[in-house]
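These protein sequence lines are chains A and B, in that order. Numbers 3 to 68, taken from the numbering used here, label the letters of the first sequence in order. Numbers 330 to 470, taken from the numbering used here, label the letters of the second sequence in order.
Hints may contain errors.
As the list claims (entries may be wrong) - Within a straight-line C-alpha distance of at most 25 Å, the following computed DMTMM-like cross-link-like pairs (lysine to aspartate or glutamate) qualify:
1. 33(A) to 344(B)
2. 407(B) to 372(B)
3. 450(B) to 48(A)
4. 50(A) to 372(B)
5. 50(A) to 420(B)
6. 379(B) to 425(B)
7. 50(A) to 451(B)
8. 50(A) to 359(B)
9. 379(B) to 344(B)
10. 50(A) to 375(B)
11. 379(B) to 366(B)
12. 426(B) to 24(A)
13. 407(B) to 369(B)
14. 426(B) to 35(A)
15. 450(B) to 359(B)
16. 379(B) to 395(B)
17. 33(A) to 420(B)
18. 450(B) to 51(A)
19. 446(B) to 51(A)
20. 379(B) to 420(B)
21. 379(B) to 409(B)
22. 12(A) to 451(B)
Simulated from the structure, these hints should not be mistaken for lab results.
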Amino acid sequence: MSSPQPPDRKPPSLLDFLLRYDLAQIQAEAKQDYSQSSTGTPRLLEQKDITARFRQSKPRPDKPKS
Amino acid sequence: MINRPNPLRILLVDDELYMRVFVGRVLGSEINCSVAEAHDGQDAIDQCAKGDPELIILDINMPRVDGVQALTQIRAMKPDTPIVMLTSISEEVVVEKCLINGASHFIRKDVGANVLKAELKEMLQLFFPNPEVTHEQPPTA
């Protein structure tokens, strides 16, 4: 009597044990989970961040009056 | 020191006297200016309706009418005048609100005196650059 043949399975490789993360998705979820509206904690900005935001929108320079 | 032929007309709006004194002194040391003071948002709106300031420096936390409300009303009256928010509030939502409502710049005042001085100086250079300073390259021989 012959024993049944084991199914022909490939031995697992190291890649099968690796957990794959979608970093972009995790970041997006974290951002949503910890946003100001969800946590209720206001986000405070440093002066350099504030200045950068205002520089993006054009400053209004003094108009020379003739 | 920024030299101007005529003094820059500044409206300084803050409910705290010591802040008006400090900022007024810093501005006076950096630019030829005349500083009018308002102690709340409504006072600022009234003074803007009557006068014609060339620069408005606006606090946010003030009695009667706060700085953001005042900003909206003043911006409607003075579309081209630089309005600089000067406040200890640094919450992102407030900064964005000011940006949307037409603030020209935003300076945190909850910093050391020297940092605040530097920020005010930088702000003046941004909006009122010294006409005598040129950045032309010297002619090459």
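Taking each numbered hint in turn, which are not upheld by the structure, reported in ascending numerical order? The structure breaks hints 1, 4, 6, 10, 12, 20 and 22; every other hint is satisfied.
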